[in-house]
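Trainee: In case you want the letters, here they are:
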Amino acid sequence: DTGVSQNPRHKITKRGQNVTFRCDPISEHNRLYWYRQTLGQGPEFLTYFQNEAQLEKSRLLSDRFSAERPKGSFSTLEIQRTEQGDSAMYLCASTLSRVRTDTQYFGPGTRLTVL
Amino acid sequence: DQQVKQNSPSLSVQEGRISILNCDYTNSMFDYFLWYKKYPAEGPTFLISISSIKDKNEDGRFTVFLNKSAKHLSLHIVPSQPGDSAVYFCAASASNFNKFYFGSGTKLNVKP
Numbered sequence: 001d002t003g004v005s006q007n008p009r010h011k012i013t014k015r016g017q018n019v020t021f022r023c024d025p026i027s028e029h030n031r032l033y034w035y036r037q038t039l040g041q042g043p044e045f046l047t048y049f050q051n052e053a054q055l056e057k058s059r060l061l062s063d064r065f066s067a068e069r070p071k072g073s074f075s076t077l078e079i080q081r082t083e084q085g086d087s088a089m090y091l092c093a094s095t096l097s098r099v100r101t102d103t104q105y106f107g108p109g110t111r112l113t114v115l
Numbered sequence: 116d117q118q119v120k121q122n123s124p125s126l127s128v129q130e131g132r133i134s135i136l137n138c139d140y141t142n143s144m145f146d147y148f149l150w151y152k153k154y155p156a157e158g159p160t161f162l163i164s165i166s167s168i169k170d171k172n173e174d175g176r177f178t179v180f181l182n183k184s185a186k187h188l189s190l191h192i193v194p195s196q197p198g199d200s201a202v203y204f205c206a207a208s209a210s211n212f213n214k215f216y217f218g219s220g221t222k223l224n225v226k227p
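Chains as they are written, first to last, in my numbering: chain A, 1 to 115; chain B, 116 to 227.
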């Protein structure tokens, strides 16, 4: 069990560029969540997948944000036309429904800096 | 719209004493409440949870208390240890677990 992994760990980009982050959940975990965390705040929910289906999306997820989980395993989060306000830590978490649905396992996060 | 609130950004406690971290929520639809611990440069780690049908859940040195009428929960750590120094997040979810709401965190410092 290697835990939840996220790549890259850090990303620096210029305003207006597109970025994509990847999350590999714990094997067999069917639920996957994306969060955004800014300094001094808690994780803020962005979106939720059960297997490959995206079942919940936050209002905060503007049309510049898109997430996929094509085969129900890894997931990607893409931000188009990045803005300075997108600078944050992006966290991914996974759970296994049939065991402990309330227990999320978080990855280390991807820190995005938009210049 | 902050549905989960942690009003104390920081707490300092002497080793061996009790640490009490507080959390308030506004949404009566929440059925599950969780506490996470976070060290720098790591993602949050699950600590303990409680469902709305209970008012107390204990796991070793950690106890969570839920007061549904007051929409308040608290995490007690007894005895506190220096290794407990971290940021603690309170979180809540409805029973479908489709979305979790987190508080802004309380930074606990346990002094040796």
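You may find that some hints are simply not true.
Derived CB-CB ranges, DEER-like [said to hold, decoys possible]:
1. E130/B x K14/A: 41 to 51 Å
2. L126/B x L96/A: 27 to 37 Å
3. Q196/B x A53/A: 18 to 28 Å
On the chain B side, residues computed to face chain A include the following (Cβ under 10 Å) [stated by the list, open to error]:
4. T160
5. K183
6. H187
Calculated from the structure, these hints are not laboratory results.
Cβ coordinates follow ideal geometry from the N, Cα and C atoms, glycine included.
Trainee: Each hint should be assessed against the structure and marked as holding or not.
Mentor: These are the hints, each one checked on the structure:
1. For the pair E130/B and K14/A, the supplied restraint of 41 to 51 Å holds, since their beta-carbon distance comes to about 47 Å.
2. Separated by about 33 Å at the C-beta atoms, L126/B and L96/A satisfy the suggested range of 27 to 37 Å.
3. One distance hint, 18 to 28 Å for the beta-carbon pair Q196/B and A53/A, is violated here, with the actual separation near 42 Å.
4. Nearest Cβ of chain A to the Cβ of T160/B: about 7 Å, under the 10 Å cut. The hint holds.
5. For the restraint placing K183/B at the interface with chain A, the shortest Cβ-Cβ distance is roughly 17 Å, beyond the 10 Å limit, so the hint is violated.
6. Taking 10 Å as the C-beta contact cut-off toward chain A, the hint placing H187/B at the interface is violated, the least distance being around 17 Å.
Hints 3, 5 and 6 from the list above are not met by this structure, while the remaining hints are.
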